[in-house]
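Chemist: Residue strings, one per chain:
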Amino acid sequence: MNKATKLLAAVAAGVMAVSIAACGGSSSSSGSSASVNTDKTANDNASCTNTIKKTGVEKVTVWAWYPGIQDVVDDFNENHDDLQVCWNNGGQGGGEYTKFQNAIKAGTGAPDVIQLEYEAMPQFMTGNEQHLVDLSQFGFNDYKDDYTAGSWKSVQLGTDDKVYGVPVDLGPFVMYVREDIFKQYGVDVPTTWDEFAEAGKELKAAGYDGYLTDFPLNSTAMLLAFFAQTGDDVYTYSASDPTKVKVNYNSDGAQKVLKYWKELVDEGLVDTTDANTTDWTTNILGGKYATWVQASWQTGYLAADSDDGDADSGFRIYKAPVWDSSTPDVNQGGSAWAVTDQAKDTEAAYTVARELFSSDSAQKIGVTTGGLFPAWTSMLDSDYFKTEKIAFLGDQEANEITIPVAEGYKGYSFLPFQTYAYDEQDKTLKSIFQDNTDVSTALSALDDTLNNYAKQQGYTVE
Amino acid sequence: MAKFKKNNAQVGGTSMAARRGNLWGWVFTIPFGIVFLLFLVIPLVYAFIMSLYTSNVFGTKFTGLANYARAFTDTLFLSGLGRVVLYTIVMVPIQLGLALIFALLLDAFKNKFASVSRLVIFLPYAIPGVIGALMWGFMYSKNMGPFTSIFELFGLQAPDFLSTNGIFGALVNVVTWQWTGYYMVILYSALQSVPSELYESARIDGASELRIATSIKVPMCSSSIVMVTIFSLIGTLQFYTEPTVLRNQAPTVIDSQYTPNMYAQALAFSYNQPNYAATISFALGFIVVIFSVIFMHFTKKQSGLED
Numbered sequence: 001m002n003k004a005t006k007l008l009a010a011v012a013a014g015v016m017a018v019s020i021a022a023c024g025g026s027s028s029s030s031g032s033s034a035s036v037n038t039d040k041t042a043n044d045n046a047s048c049t050n051t052i053k054k055t056g057v058e059k060v061t062v063w064a065w066y067p068g069i070q071d072v073v074d075d076f077n078e079n080h081d082d083l084q085v086c087w088n089n090g091g092q093g094g095g096e097y098t099k100f101q102n103a104i105k106a107g108t109g110a111p112d113v114i115q116l117e118y119e120a121m122p123q124f125m126t127g128n129e130q131h132l133v134d135l136s137q138f139g140f141n142d143y144k145d146d147y148t149a150g151s152w153k154s155v156q157l158g159t160d161d162k163v164y165g166v167p168v169d170l171g172p173f174v175m176y177v178r179e180d181i182f183k184q185y186g187v188d189v190p191t192t193w194d195e196f197a198e199a200g201k202e203l204k205a206a207g208y209d210g211y212l213t214d215f216p217l218n219s220t221a222m223l224l225a226f227f228a229q230t231g232d233d234v235y236t237y238s239a240s241d242p243t244k245v246k247v248n249y250n251s252d253g254a255q256k257v258l259k260y261w262k263e264l265v266d267e268g269l270v271d272t273t274d275a276n277t278t279d280w281t282t283n284i285l286g287g288k289y290a291t292w293v294q295a296s297w298q299t300g301y302l303a304a305d306s307d308d309g310d311a312d313s314g315f316r317i318y319k320a321p322v323w324d325s326s327t328p329d330v331n332q333g334g335s336a337w338a339v340t341d342q343a344k345d346t347e348a349a350y351t352v353a354r355e356l357f358s359s360d361s362a363q364k365i366g367v368t369t370g371g372l373f374p375a376w377t378s379m380l381d382s383d384y385f386k387t388e389k390i391a392f393l394g395d396q397e398a399n400e401i402t403i404p405v406a407e408g409y410k411g412y413s414f415l416p417f418q419t420y421a422y423d424e425q426d427k428t429l430k431s432i433f434q435d436n437t438d439v440s441t442a443l444s445a446l447d448d449t450l451n452n453y454a455k456q457q458g459y460t461v462e
Numbered sequence: 001m002a003k004f005k006k007n008n009a010q011v012g013g014t015s016m017a018a019r020r021g022n023l024w025g026w027v028f029t030i031p032f033g034i035v036f037l038l039f040l041v042i043p044l045v046y047a048f049i050m051s052l053y054t055s056n057v058f059g060t061k062f063t064g065l066a067n068y069a070r071a072f073t074d075t076l077f078l079s080g081l082g083r084v085v086l087y088t089i090v091m092v093p094i095q096l097g098l099a100l101i102f103a104l105l106l107d108a109f110k111n112k113f114a115s116v117s118r119l120v121i122f123l124p125y126a127i128p129g130v131i132g133a134l135m136w137g138f139m140y141s142k143n144m145g146p147f148t149s150i151f152e153l154f155g156l157q158a159p160d161f162l163s164t165n166g167i168f169g170a171l172v173n174v175v176t177w178q179w180t181g182y183y184m185v186i187l188y189s190a191l192q193s194v195p196s197e198l199y200e201s202a203r204i205d206g207a208s209e210l211r212i213a214t215s216i217k218v219p220m221c222s223s224s225i226v227m228v229t230i231f232s233l234i235g236t237l238q239f240y241t242e243p244t245v246l247r248n249q250a251p252t253v254i255d256s257q258y259t260p261n262m263y264a265q266a267l268a269f270s271y272n273q274p275n276y277a278a279t280i281s282f283a284l285g286f287i288v289v290i291f292s293v294i295f296m297h298f299t300k301k302q303s304g305l306e307d
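Just so you know, the sequences run in chain order G and V. For the first sequence, the residue numbers in UniProt numbering are 1 to 462. For the second sequence, the residue numbers in UniProt numbering are 1 to 307.
If you are wondering where the hints come from, they were derived from the structure by calculation, not from laboratory data. Check each hint, because a few of them may be wrong.
[As the list claims (entries may be wrong)] For the chain V half of the interface with chain G, some residues (derived, Cβ under 10 Å), not all of them:
1) Phe-138
2) Pro-159
3) Thr-252
4) Gln-257
[Claimed, not checked] Using C-beta positions, here's what the derived DEER-type ranges look like:
5) Tyr-185(G) x Pro-159(V): 28 to 36 Å
6) Gly-287(G) x Ser-115(V): 35 to 43 Å
7) Phe-58(V) x Asn-436(G): 40 to 48 Å
8) Phe-58(V) x Glu-397(G): 24 to 32 Å
[Unchecked claim] A short, non-exhaustive set of chain V residues, derived as facing chain G with CB atoms under 8 Å:
9) Asn-56
10) Phe-58
11) Thr-88
12) Lys-142
13) Met-144
14) Asn-248
15) Gln-249
16) Ala-250
17) Pro-251
18) Ser-256
19) Phe-269
20) Ser-270
21) Tyr-271
For each residue, glycine too, the CB sits at the ideal point set by N, CA and C.
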């Protein structure tokens, strides 16, 4: 083998490592505010997963992964003569956001309307990258009362009068309780965090061999909900000032929460198995956890994972424990429709975003087939929803507990680099709970990491 | 090799026929050439150009090698790199040692049992990497895996494979299980090309089977051993599939920046930093090249690359 061949072989070796990065594209910066387009025929040849009911009508393209969305789209198309929705599944969560980012970089390929989780919205409204359309210009502010205060604030993205999405669902933070376990060991269901810790000790003393609950070290959004319960804002970000962020993990609230859980874990009352893993699912369905404090959408996931989702699991929904009477209602998760700056006919896209879930029939599909916890006030007020019996929870009318939480939730901000923040937050939990790093030291290190990252990305840090 | 060169020179190589042969040779490589250019060379050049730009909230601008300066001071990249180097040091010798032992054994015992064993050892390689890792993920599970009950039989507690301390061994095991058979087949076929006269004369001289293995068989297939080591080296430095799949079972233990390739993927697809992701990939590629060149330099003799 000669020198050139050797070099070639060595280069080829390196090549394999590199090809993974080749899919990205160089970023093009657009203007500061998303433009409004009016091309009514651009989507005529768009291919759709659903069957279009009425031909020769303007089409609006939509990406969403809600369960039952196809029924909702069919419902919309049957009831509209001037617009038809062309739906495709762009992937779930992160998968869809990556596709959207790629379409943004390519300058083409994004849908007109897109499903985005509240926590994912800021990344598309950051610095020069403004890719969601302000819907207030079409008069969406007139519909403010149709949605809960918290969901509305979530789509305002920190602005006063702009709206970047149409709220769809929420994840009111509640406590799942194995009532049968509490009864068996003669322990009262806790209502405050003090009582919660006490209940753990009592269950253990009475001979329960499971854990009071799990505090997963990959808790991401769940931890933010715990922090929000203390009333402290960990993040501050506004789409009206999109080059500025504030990260505050040094807050008293964050410290209080983590010190509380650390103590329970050290006493052996609380497990730290990673959530949504095989072991965790086996544990929670197998009665190893007496409680689970989480958003109310967990019901659907647990039912899907259990052998018979319609059988009584023993779980009942209670109000999440509070610190004191001033503890606010909090939320974890939920999503909205956003209109992209690539929408071919922006106003038509807005109409679709607003009306997809506006009919009673569509809302019912969303709540039943989709298993969504709605952000729509009319549905929350309806007897239909209030008296809905949930088989997995032993026919409990659980929405009675959950609705006031959804209504009480005031909303909070996320970062434009939320995924990175979550990854670093998980590492911090690992260092606190596995390596026994002091809570304040670990939080302060996390705060520095995220602030440095923000600066490195060009943000002004408060 | 020297002999071959002399023969070539004798032919002269400048006749019309030889030229036409050369031309046809190029024609035949066109289909490969197009694919090579489109899916390897162009993306590579594009990725390299990308790595010279930096994007932040204000937009994208040319920054030359600044990203590389950032990469080689980035603790996330460096700690991932340190981790794969450690995996390389542990995993490569284990895989190759086992592969060589299996190949020698199968070569020594040429009976039906040996051919069945050959198939069985190779079988894990026939299972797609992702499926294999998924399967091991379930086996490692405390609740669902068989190890808990197996250890209980002996009154012991099964080790926690998916914990901070256990994950290294768990991953080494998955990769070794998957790749040993493949390397074994390469080494085994190299052994088949050793002329049997050599063994016969060694036996006449009174050499034991072990002596034949260490003094004749291993040196005779040393070029294959070098090749397999390079495969293994490159593969381990680019460690990606197995930790990514096991991450679903142990997200806290295996973080999203566990290996440089995983970090590049997170940067490109989760953190929205394609430019820096390209830099990390190129930096890793550069390091793989260095490792390979160093290794090839020290094994010149064994590999038969020396002129």
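Chemist: Now, for every hint given, state plainly whether the structure supports it.
Modeler: Consistency of the hints with the structure:
1. Phe-138: 7 Å, holds
2. Pro-159: This hint is violated: Pro-159(V) lies away from chain G, its Cβ roughly 15 Å from the closest one there, beyond 10 Å.
3. Thr-252: Hint on Thr-252(V): holds, closest Cβ of chain G at ~4 Å, below 10 Å.
4. Gln-257: Holds. Min distance 7 Å.
5. Tyr-185(G) x Pro-159(V): 28 to 36 Å: Holds: the Cβ-Cβ distance is about 32 Å, inside 28 to 36 Å.
6. Gly-287(G) x Ser-115(V): 35 to 43 Å: Hint violated: Cβ distance 51 Å, outside 35 to 43 Å.
7. Phe-58(V) x Asn-436(G): 40 to 48 Å: About 41 Å separates the Cβ atoms of Phe-58(V) and Asn-436(G), which means 40 to 48 Å holds.
8. Phe-58(V) x Glu-397(G): 24 to 32 Å: Because 52 Å falls outside the window, the suggested range is violated.
9. Asn-56: With a minimum Cβ separation of about 3 Å from chain G (threshold 8 Å), the hint on Asn-56(V) holds.
10. Phe-58: Because about 5 Å separates Phe-58(V) from the closest Cβ in chain G, which is inside the 8 Å limit, the hint holds.
11. Thr-88: This interface hint is violated because 13 Å lies over the 8 Å limit.
12. Lys-142: Holds - the Cβ of Lys-142(V) comes within 8 Å of chain G, reaching about 5 Å at its closest.
13. Met-144: 6 Å, holds
14. Asn-248: Holds, because the Cβ-Cβ distance from Asn-248(V) to chain G comes to roughly 7 Å (cut-off 8 Å).
15. Gln-249: 5 Å, holds
16. Ala-250: 6 Å, holds
17. Pro-251: 4 Å, holds
18. Ser-256: 5 Å, holds
19. Phe-269: 5 Å, holds
20. Ser-270: 4 Å, holds
21. Tyr-271: 5 Å, holds
The earlier numbered hints that this structure contradicts are 2, 6, 8 and 11.
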